[in-house]
Amino acid sequence: MFAKAFRVKSNTAIKGSDRRKLRADVTAAFPTLGTDQVSELVPGKEELNIVKLYAHKGDAVTVYVSGGNPILFELEKNLYPTVYMLWSYPDLLPAFTTWPLVLEKLVGGADLMLPGLVMPPAGLPQVQKGDLCAIALVGNRAPIAIGVAVMSTSEMLSSGLKGRGFSVLHTYQDHLCPEGQQLDIKKSSYKKLSKFLQQMQQEQIIQVKELSKGVESVVAVDWKHPRITSFVIPEPSLTSQTIQEGSRDQPYHPPDIKPLYCVPASMTLLFQESGHKKGSILGGSEVRAIIINYAKKNDLVDADNKNLVKLDPILCDCILEKNEQHTVMKLPWDSLLTRCLEKLQPAYQVTFPGQEPIVKKGKICPIDITLAQRASNKKVTVVRNLEAYGLDPYSVAAILQQRCQASTTVTPAPGAKDSLQVQIQGNQVHHLGWLLHEEYQLPRRHIQGLEKAPKPGKKK
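Just so you know, this note's numbering puts the end of the sequence shown at 1675, numbered straight through with nothing missing.
Careful, some of the hints might be misleading.
[Stated by the list, open to error] Distance condition first, Cα-Cα at most 25 Å in a straight line; then the derived BS3-like pairs of lysine-lysine: (1) K1594 to K1670; (2) K1320 to K1632; (3) K1272 to K1219; (4) K1594 to K1575; (5) K1424 to K1407; (6) K1377 to K1260; (7) K1593 to K1576; (8) K1492 to K1578; (9) K1428 to K1439; (10) K1545 to K1511; (11) K1473 to K1424; (12) K1558 to K1525; (13) K1632 to K1576; (14) K1493 to K1578; (15) K1473 to K1558; (16) K1377 to K1493; (17) K1667 to K1578; (18) K1267 to K1236; (19) K1292 to K1377; (20) K1428 to K1407; (21) K1632 to K1377; (22) K1511 to K1521; (23) K1521 to K1493; (24) K1493 to K1593; (25) K1260 to K1219; (26) K1410 to K1439; (27) K1292 to K1219; (28) K1525 to K1545; (29) K1667 to K1594; (30) K1473 to K1493; (31) K1407 to K1260; (32) K1493 to K1537; (33) K1578 to K1558; (34) K1473 to K1512.
[Unchecked claim] Restraint-style ranges between C-beta atoms, simulated for each label pair: (35) A1244 to G1324: 18 to 26 Å; (36) A1244 to Q1620: 45 to 53 Å; (37) P1658 to Q1617: 24 to 32 Å; (38) Q1656 to K1224: 57 to 65 Å; (39) G1499 to A1587: 35 to 43 Å; (40) N1293 to L1426: 45 to 53 Å.
Derived from the structure by calculation, the hints contain no laboratory data. Think of the CB as a built atom: it goes at the ideal place given N, C-alpha and C, for glycine as much as any other residue.
Put together the whole structure using the sequences plus the hints.
Here is the structure:
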């Protein structure tokens, strides 16, 4: 909504009656806020302005600005929080997580697509279609966008996390954000920036140099000054800690991954008798039962040898190669079932603990570990596809940096949309294998490249 510049119609100080009405509207819109929090958000005497504007698409929007920061906006009689407000109350709305690379797209006006969601260990928050939601980035609880869910959580999961998930209304760094100010010198005891800089220089916290008349620049900062080192970030509230510990910081549990099969157009005749059509998803046991029932129902079991199945025209078309059409008349049961499974299209089901299963077509890509050469012939270890298994690349990078005592970086994965890769200095395949297989309990079949670990006695 604010991805492009808007036109301001008016900017006026709020009246006492409107201030009281706003408090009542905030209480009704956000019932989880206590009386003290509402009074803090809409103070009794401090400056509070009403800005009426027209968004670039013509929507009439009312924005409430407190202390220079937009805290709320109203659209079609619905009240919404800004990211500034959510930074003070991060648990106000159900929060979904996405990757840092997605932020630029959201700021540009894009909606949040479901493939961009990060599946936390505790599962997705439970929401209904039309619910207002916050969107945060991996590794940071501070919301960077707000949007409206276009489907319920159960519908998101049943869709295989495909399609549009949230209609985004407002983001950090959009045109509403420049209206905010993080530091208002005029409301401090210094009143002017020049006096503030002069005082900081007198205390030897900073060094200021006049580049030209009226233009000053901070050229040095004493980061070890007691005024800086004594600064402590306030601890989050007990409620915030509980929610964080109950969701993102839960121990990792690997998903259950089950191979499935999808009926292609070339095999619909074989499966239609059992009520299935093109695109139907089946488990291996279901496929076997259908083939066995088909053979028995159509009297295809060889009377002289029960281990053989006669091939009727449908089976011939479905499983035989062209050069076999007139030479292969019967097949053993195991060969028949194996061929049927091979002709079906691959699919798989991923089930994260406490969540509904997610079904996707194709084969799940394994976590891919590779070695690469960098400048000065130095080796680096690169790992990709962590997200498919519910793993946060930033968290994995932080753990590996500590355990390997080596530098790590997280960068966009080449050729993969909205995917990240972790790069660790040196050959760290052994550490990666231990982390993924031993600690995270991921089966080896889902990890590719473990054989690249350095051999005992060889230099990494």
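Note to self: Going through the numbered hints above, which ones does this structure break? Give me the numbers in ascending order.
What the structure shows: Result: hints 4, 6, 7, 9, 11, 19, 23, 24, 25 and 34 break, sorted rising.
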